[in-house]
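Engineer: Fit chains B, C and D with the ligands to the supplied structure of chain A, relying on the hints for placement.
Single-letter residue listing:
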Amino acid sequence: MKFGVVVFPGSNCDYDTFHALQNVMGQETVFLWHKDHDLQRVDGVVLPGGFSYGDYLRSGAIARFSPIMAEVKKFAEAGGLVLGICNGFQILLEAGLLPGAMLRNKNLKFLCQHVHIRVENQKTAFTNAARKGQVLRIPIAHFDGNYYADPELLAELEKNKQIVFRYCNEKGQVTEGANVNGSVSNIAGIINREGNVLGLMPHPERASEKILGSEDGRVIFQSMINYLEKKAGRGKKKATKVVKPKVTPLPPLIGTF
Amino acid sequence: MIDEKILADHNLTRDEYEYIVKLIGREPNLTELGIFSVMWSEHCGYKSSKVYLKRFPTKGKYLIQGPGENAGVLDLGDGLAVVFKIESHNHPSYIEPYQGAATGVGGILRDIFTMGARPVAVLDSLRFGPLDNPKNRAIMEGVVSGISGYGNSFGVPTVGGEVYFHECYSQNPLVNVCCVGLAEKDRLFFARAQGVGNAVIYVGAKTGRDGIHGATMASAEFGKDTEQKRPNVQVGDPFKEKLLLEACLEAMAKNLIVGIQDMGAAGLTCSTTEMAAKAGTGMEINLDLVPQREEGMSPYEIMLSESQERMLIVAEPDKVQELQKIFSKWDLDAVVIGKVTDDGQLKAYFHGELVIDIPVKAVVDLCPAYRRPAKTPAFIKKISRFKMPEMPSDLNQVFLQMVASPNLADKEWVYRQYDHMVQVNTMVLPGADSAVLRLKGLKKGLAMTLDGNSRYAYLNPRRGGQIAVAEACRNLACAGAMPMGVTNCLNFGNPEKPEIMWQFKEAVEGIAEACHQFDIPVTGGNVSFYNETEGKAIYPTPVLGIVGLVEDVSAVPSAGFLGNKEVIILLGENKEELGGSEYLKLVFDEEKGQPPALHFETEKRVQECCRQAIRQKLVRTAHDVSDGGLAVALAECSFKSPKKIGFEVKLNDQIRTDALLFGESQSRIILVAKEKNARKIMALARKLKVKAKFIGKTGGKKMVIWHKKKKVVDQTVEMAYNAWKNAIPGYFKISKGE
Amino acid sequence: MKVRILVFLKPSVLDPQGQTVRNALLTLGYKSVKDVRQGKAFEIELENVDRLEAEKIIPEIADKVLANPIIEKFTWEIIEA
Amino acid sequence: MKVRILVFLKPSVLDPQGQTVRNALLTLGYKSVKDVRQGKAFEIELENVDRLEAEKIIPEIADKVLANPIIEKFTWEIIEA
Ligand SMILES: Nc1ncnc2c1ncn2[C@@H]1O[C@H](COP(=O)(O)OP(=O)(O)O)[C@@H](O)[C@H]1O
Ligand SMILES: [Mg+2]
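If you read the sequences in order, they're chains A, B, C and D. Heads up: take any position in the first sequence, counting from 1, add 97, and you land on the working numbering. Heads up: take any position in the second sequence, counting from 1, add 46, and you land on the working numbering. Heads up: take any position in the third sequence, counting from 1, add 921, and you land on the working numbering. Heads up: take any position in the fourth sequence, counting from 1, add 921, and you land on the working numbering.
Keep in mind that the hints were calculated from the coordinates and are not lab data. A couple of the hints might just be wrong.
[What the hints assert, rightly or not] Below are the DMTMM-like pairs computed for lysine to aspartate or glutamate, each with C-alpha atoms no more than 20 angstroms apart in a straight line: (1) C/K955 to D/E966; (2) B/K324 to B/E362; (3) C/K931 to A/D247; (4) A/K132 to B/D379; (5) C/K955 to D/D971; (6) B/K650 to B/E559; (7) B/K96 to B/D379; (8) D/K994 to B/E340; (9) D/K955 to B/E542; (10) D/K985 to B/E187; (11) C/K955 to D/E974; (12) C/K955 to D/D956; (13) C/K952 to D/D984; (14) D/K931 to C/E1001.
[Claimed, not checked] Chain D side only, calculated, beta carbon under 10 angstroms to chain A, not exhaustive: (15) Q938; (16) G939; (17) Q940; (18) T948; (19) L949; (20) Q959; (21) N969; (22) V970; (23) P980; (24) P990.
[As the list claims (entries may be wrong)] Label-pair ranges, simulated between beta-carbon atoms: (25) B/R661 to A/D133: 46 to 56 angstroms; (26) B/F778 to D/K923: 24 to 34 angstroms; (27) B/V381 to A/K258: 49 to 59 angstroms; (28) B/E341 to C/E1001: 10 to 20 angstroms; (29) D/K923 to B/P438: 49 to 59 angstroms.
All residues carry an ideal CB built from backbone N, CA and C; glycine is no exception.
Isolated chain A (complex conformation) (with noise of 0.2 angstroms):
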């Protein structure tokens, strides 16, 4: 599958996305430039974490009116699959594409630790790959992740299974202590009504290799895959055969095109 990565201006886990989805996935995978309006083809688009225009104003705020993000709704209305994480999450939050808004952590400090997080509905094209109830031991690294919902939208969310996502314990226990950021109702995750664009704020492409100290982030990528090969009609067969780049330790120029 063809995956695409929105390089915003201040966007700083663009190519630790890129990473995860090329050379740990193996999927082919592209940068979209901010200013461009090609989505070049992909099969999903991701909108990576970072700082995109500083976090200047709100995040995301800012971000939401780049040419690409025309394009990224209109690819979005036409059912394609787009994930959100952190940065990109509150991206898809100002343009209107998931509901709800980012508030600063409780603590008003921001916070880059691991937390846990429980797979509240496994049957959507990001969580496929997962275990019902499943935790997911997943970084994250934000300073706005305190999600709010007003009580109507919290009661519409939960009834359409909305929710992907909540901050639980080691146990899976949706705790008040596991929820770090204050969100309500430990919100980490929710996907639109069509169920084809999920924000998250934990980072899985942190959470891809053995070596960084978990790989429980692959799940949502893997999920992404299967859903994709399903959708072209290859089943839940092999993967395409990608040749495996060769990986270096520096990254290549992000958005030299």
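Structural biologist: Just chains B, C and D with the ligands now, with coordinates in the frame of chain A:
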């Protein structure tokens, strides 16, 4: 027109002024004087320190570039180079903790990427006054969020560092930031204005009246609201810096750049004169073309502004257009402001008039160097001896008190605010002896650490310097890494005082000797003098940043216990040394005696043994014994254990129990291994003539230490862990009135 | 023309920043402080626009860019003609 | 009593946030935007204080807690008696 007051405001002596007049053959105008003043300042010119810094070894097996460039460079093999450097931002961080610390990070990042390297890690060494004072808490809170605000946004992981509290830092907090970058070895860039006729290009943020020194002088010229107009603290823009990084690296990759230099301290002044001086050329610039943020800036202000996120580039004229295209793609200014000349002069025009015309060599290379008088301070004699205090009866209680002392307690409150994982290379996260980065696609990795102990340096600056190097190397050894090169930040008081100069000289000589011993070059560093308030200086505080090579990242051990019933081995020897210990300070409020002895041969053998054992994949957990001594080191292995595994240790050393538990004897490392491998480690130790013994086993939920058949420590891991974990956050809860 | 736009969290949304400031003030002994809300202030300089036009674009800018209507509300005024 | 305190960076101090907002507005076609400065706004509710006392403590609070006088300046007003 240049009177004593103007000279004083510019920190120049009459003699220095006469020398300037001689060098340029006439009286300088005010702008020219300003240029000499900043370039000959302690910060840029190293007037008081130069003669001593020469003693550092600057050759080594891995060395590519030693002192003199923006950062040091080491050869990592596989066509890769490590570029690294440390900087202090002490004074600005006291005035405006958030922005002071943030711009400190910004500055050191530019030093690294100006050489063609992508910053891959930041480490920070922080020193504050005690936390029971709200002012100190506010400074710490501001500094940490400033570092986090800049580094996180820029996208570099802050992977390690140190935090230390002492009264001497109450009015003089120290903020030292070290950055490590990776580059292709044959694509390094230097600050050279080569090629007469080449274009001089200004890129990045616009110039404002930020941080202009010599402030009060000639206020007449700037009008009454000068003070208002010239804040000494700059505001950082990490977003712009990130764009600047990408644009610069892209231009470098496309071979569009001949020379490049960041505009840090002394901004345009420093970059123009240094680039020309290093290339043996001159430069001619038009100040009207410099992008300006404010109206009506004078040549003086434009040349001396310290606005952040700017670079100066020299490029061939026919490459300028392509270069500008790249910068505009990243939404940045790139403006040709002049050209390289062959006359060795810096010439600047302003409104059509020649306002600067001075030889760059004079500015850059002829700064006077002083061998200032040094004298042993009187207090040294008084503090060097002390009577061993009576041993407290309940050492088990003292143990709890120790782990909860802010200097030894968990620092997660700090590093949780730093993105320490971005770039997906951090395989050993903060909390271990050294941070380790994997290198994608390679078997090897990079280890790094920052270390310093100012109490040792206060009691005996020479040994303090030596121990700082030894401890940093030991921290690397605990990751199985070989030290490759050193950067250092020397934080001291006023060098015009002979006692301070003595501390400086001693510490430098100690560091130099240790570096010779470990055979590692000093590739650069930073000197921060005048850390004094109301005549009271900080303790001498040398901070060492050392990077090491890990041959095989899959062998790197954990910092905490991994399993039950594993064997705990102590490499090295417990001695009765309590001088300068955290224990003595915490329990008896004494800072006296001699810091622990350091024998280089023993130290090197212990480290080599540790390294070899790790490389042979015999080691599960490794941790050195440092501040707080053996008991605290063992406790840390439990605290950092994913399952919070306890231990039981039995010791029979013929020394005082408190010295055994909390003494800080050097050259000791705790290694933990499975039974079978433990025996192999012992054999290895015998072969390398390293003292080693089994001291106990891991397991259970308790931490138990026996001394000569007496249980002297007996605590549950949980209780001690909570004390350790909550000590620092506890202070911040109070301050919020929660 | 200079306009000022203030953006605050809606009353129904918890404002931890304001709360922290409040607690800090109480700790410092300012006992009369009952509540604090923290928001953002923008001062925008406009050129070549008349009042009528400003009255059109300012709320537009505020609504579209400066505030997130899900959690925030804004007020604005012209402070310099 | 309710007071409002606005804290902005001094005019000569770089305001990256304001600049970024300005650039965004220009990109969106609001060509009349010349400059944007972004600051902080505080609304503080006080109880049991009269005007005189408020006039004493508000600038004190602003100077000591809400603004760093080295880089910021503040203004304040009583918005509800
Ligand atoms: N300012 C800081 N920034 C990042 N990490 C820090 C900082 N201070 C301490 N740490 C981390 O906390 C751990 C403990 O620090 P310290 O007790 O100084 O270790 P050591 O004695 O081994 O040098 C280290 O792993 C260090 O990386
Ligand atoms: Mg250590």
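Engineer: With reference to the structure, classify each hint as holding or not holding.
Structural biologist: To see whether the hints hold, each was checked on the structure:
1. C/K955 to D/E966: Roughly 5 angstroms separates the two Cα atoms, so the pair holds.
2. B/K324 to B/E362: This hinted pair holds, its Cα atoms lying about 18 angstroms apart.
3. C/K931 to A/D247: It holds: about 11 angstroms lies between the C-alpha atoms, which stays within 20 angstroms.
4. A/K132 to B/D379: Within the cut-off at roughly 18 angstroms; holds.
5. C/K955 to D/D971: Status holds; Cα separation ~14 angstroms.
6. B/K650 to B/E559: holds (14 angstroms)
7. B/K96 to B/D379: violated (37 angstroms)
8. D/K994 to B/E340: The hint holds at about 18 angstroms.
9. D/K955 to B/E542: Outside the cut-off at roughly 50 angstroms; violated.
10. D/K985 to B/E187: Holds, at roughly 16 angstroms.
11. C/K955 to D/E974: holds (15 angstroms)
12. C/K955 to D/D956: Answer violated: C/K955 to D/D956 is near 35 angstroms, above 20 angstroms.
13. C/K952 to D/D984: Holds - the C-alpha atoms of D/D984 and C/K952 are around 17 angstroms apart, at most 20 angstroms.
14. D/K931 to C/E1001: Since the Cα atoms of D/K931 and C/E1001 sit roughly 18 angstroms apart, the hinted pair holds (cutoff 20 angstroms).
15. Q938: holds (4 angstroms)
16. G939: Interface hint status for D/G939: holds (8 angstroms vs cutoff 10 angstroms).
17. Q940: Given a least distance of 8 angstroms, the restraint on D/Q940 holds.
18. T948: holds (7 angstroms)
19. L949: The hint holds - D/L949 has a Cβ within 10 angstroms of chain A, the shortest such distance being about 6 angstroms.
20. Q959: holds (8 angstroms)
21. N969: Hint violated; D/N969 Cβ to chain A Cβ min 29 angstroms, cut 10 angstroms.
22. V970: This interface hint is violated because 27 angstroms lies over the 10 angstroms limit.
23. P980: violated (25 angstroms)
24. P990: violated (23 angstroms)
25. B/R661 to A/D133: 46 to 56 angstroms: Since the Cβ atoms of B/R661 and A/D133 sit about 48 angstroms apart, the hinted range of 46 to 56 angstroms holds.
26. B/F778 to D/K923: 24 to 34 angstroms: holds (30 angstroms)
27. B/V381 to A/K258: 49 to 59 angstroms: holds (55 angstroms)
28. B/E341 to C/E1001: 10 to 20 angstroms: Check passed, 18 angstroms falls within 10 to 20 angstroms.
29. D/K923 to B/P438: 49 to 59 angstroms: Given about 56 angstroms between the Cβ atoms, the range holds.
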